[in-house]
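Undergrad: Mapped onto my numbering, the consecutive letters of the sequence shown carry residue numbers 331 to 604.
It is worth saying that the hints were derived from the structure and are not from the lab.
C-beta atoms are modelled at their ideal positions from N, C-alpha and C, and glycine is treated no differently.
Hints may be right or wrong, so weigh each one.
No farther apart than 27 Å at their CA atoms in a straight line, the calculated lysine-lysine pairs in the BS3-like style are these [stated by the list, open to error]:
{"no.": "1", "residue 1": "515", "residue 2": "422"}
{"no.": "2", "residue 1": "557", "residue 2": "496"}
{"no.": "3", "residue 1": "496", "residue 2": "476"}
{"no.": "4", "residue 1": "496", "residue 2": "393"}
{"no.": "5", "residue 1": "422", "residue 2": "336"}
{"no.": "6", "residue 1": "477", "residue 2": "533"}
Quick list of the computed label-pair ranges, beta carbon to beta carbon [to be verified]:
{"no.": "7", "residue 1": "384", "residue 2": "333", "range": "15 to 21 Å"}
{"no.": "8", "residue 1": "484", "residue 2": "417", "range": "50 to 56 Å"}
{"no.": "9", "residue 1": "426", "residue 2": "382", "range": "16 to 22 Å"}
{"no.": "10", "residue 1": "471", "residue 2": "417", "range": "18 to 24 Å"}
{"no.": "11", "residue 1": "503", "residue 2": "425", "range": "34 to 40 Å"}
{"no.": "12", "residue 1": "521", "residue 2": "554", "range": "24 to 30 Å"}
{"no.": "13", "residue 1": "580", "residue 2": "415", "range": "18 to 24 Å"}
{"no.": "14", "residue 1": "437", "residue 2": "382", "range": "56 to 62 Å"}
{"no.": "15", "residue 1": "364", "residue 2": "425", "range": "17 to 23 Å"}
{"no.": "16", "residue 1": "333", "residue 2": "376", "range": "21 to 27 Å"}
{"no.": "17", "residue 1": "479", "residue 2": "509", "range": "24 to 30 Å"}
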Amino acid sequence: MEKVIKKRLRSGQIGFGAEVSESPTGEELFGQINTQDFIDFGFEAEFIGRLPVRVVCEKLESKDFVNIMKNSEGSLLRQYEREFAAYGIQAKFEDSAIECIATLAELENTGARALMTVCEGLLRDFKFELPGTAVSELSIDADLIKKRDEVLAKYRELGKRVDVAKAREEADLYAREFQEKHSIKICFSDEAVTLLGEEAAEKTRSVLQLCQQRFKDYQFGLKLIEKNTGVGEFDLEKEAVLDADKFLSERVVQSYNTATETAQANSSSGDEGE
């Protein structure tokens, strides 16, 4: 198509009276396209006649990408902020980061879709590694864009710190879910919550996920204890976190012993009464 347009423009400038001017290129060239150019290029006249509106797309510059990120409906930045917020992380894009992202997107030369390419490449590891850790805030600034690996390493270290309040919140959430599902009340001691928080941080998982895996079959043993002793509330100490199976097994055996002793005591009392 470029050759067709250039040929037409050159033919109109032949002769001594023709004005000398530089040949247009890129968007300028396509801006001078007309119906005959489409036909000469090979399109049927009937087809071109059904396309009354023709738009020339111009290359997006850095300032255009900044405007898209800040002002467009369904902004990509807001989407990323919502994704992090779903995991309890408050992400904030600083103006310095927005400028850097815009510059990188311009270099991609693929239009507005380049923003997704750039942002995903920069933030993918943060999205997968930070949820479930102690990190609750993420500042997306120029340093993160230019030194991504260094900043990610810093947040990894921050994530290993135990957020006791968050660990307690998730442990209590699991306890409520457990009670609603099995009609058994459990309560984690402070030491147990601290251990859960430390292990969750080390394995980059949430305390809730850790509890769901570790205590997934606890209802069976606890129901046996409830049947033997009549007790429906249980305190889970640090031993339950360190060795969940051993802790439960010992409590089940203890409950059977208690039930046997109670039965024998009742039997002896009955014999004495006779």
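Undergrad: For each hint, tell me whether it holds in the structure or not.
TA: To see whether the hints hold, each was checked on the structure:
For the suggested pair residue 515 and residue 422, the alpha carbons sit about 39 Å apart, so the restraint of at most 27 Å is broken. Simply put, residue 557 and residue 496 have alpha-carbon atoms about 34 Å apart, too far for the 27 Å limit, and the pair is violated. Of the pairs offered as hints, the one joining residue 496 and residue 476 is violated, with about 31 Å between alpha carbons and a cut-off of 27 Å exceeded. Between residue 496 and residue 393 the alpha-carbon distance is near 41 Å, which puts this suggested pair outside the 27 Å criterion.
A hinted pair counts as satisfied when its Cα atoms are at most 27 Å apart, and residue 422 with residue 336 does not qualify at roughly 48 Å. Between the alpha carbons of residue 477 and residue 533 the distance comes to roughly 25 Å, so the proposed pair stays at or under 27 Å and holds. Range check, residue 384 to residue 333: Cβ separation about 18 Å, and the 15 to 21 Å hint holds. Evaluation of the 50 to 56 Å hint for residue 484 and residue 417 yields a failure: the beta carbon distance comes to about 18 Å.
Roughly 45 Å separates the CB atoms of residue 426 and residue 382, a value that falls outside the hinted 16 to 22 Å. Range check, residue 471 to residue 417: Cβ separation about 20 Å, and the 18 to 24 Å hint holds. A hinted range of 34 to 40 Å holds for the C-beta pair residue 503 and residue 425, which are about 37 Å apart. Against the hinted window of 24 to 30 Å, the Cβ-Cβ separation of residue 521 and residue 554 comes to about 25 Å, which satisfies the hint.
Distance hint for residue 580 and residue 415: a CB-CB separation of about 42 Å, inconsistent with the stated range 18 to 24 Å. Checked against the given bound of 56 to 62 Å, the beta carbons of residue 437 and residue 382, roughly 36 Å apart, lie outside it. As the Cβ distance of residue 364 to residue 425 is approximately 43 Å, the hint placing it in 17 to 23 Å is violated. A hinted range of 21 to 27 Å for the beta carbons of residue 333 and residue 376 is consistent with their spacing of about 24 Å.
For the hinted restraint 24 to 30 Å between residue 479 and residue 509, the CB-CB distance of approximately 44 Å leaves it violated.
The structure fails to meet hints 1, 2, 3, 4, 5, 8, 9, 13, 14, 15 and 17 from the earlier list, while all remaining hints are met.
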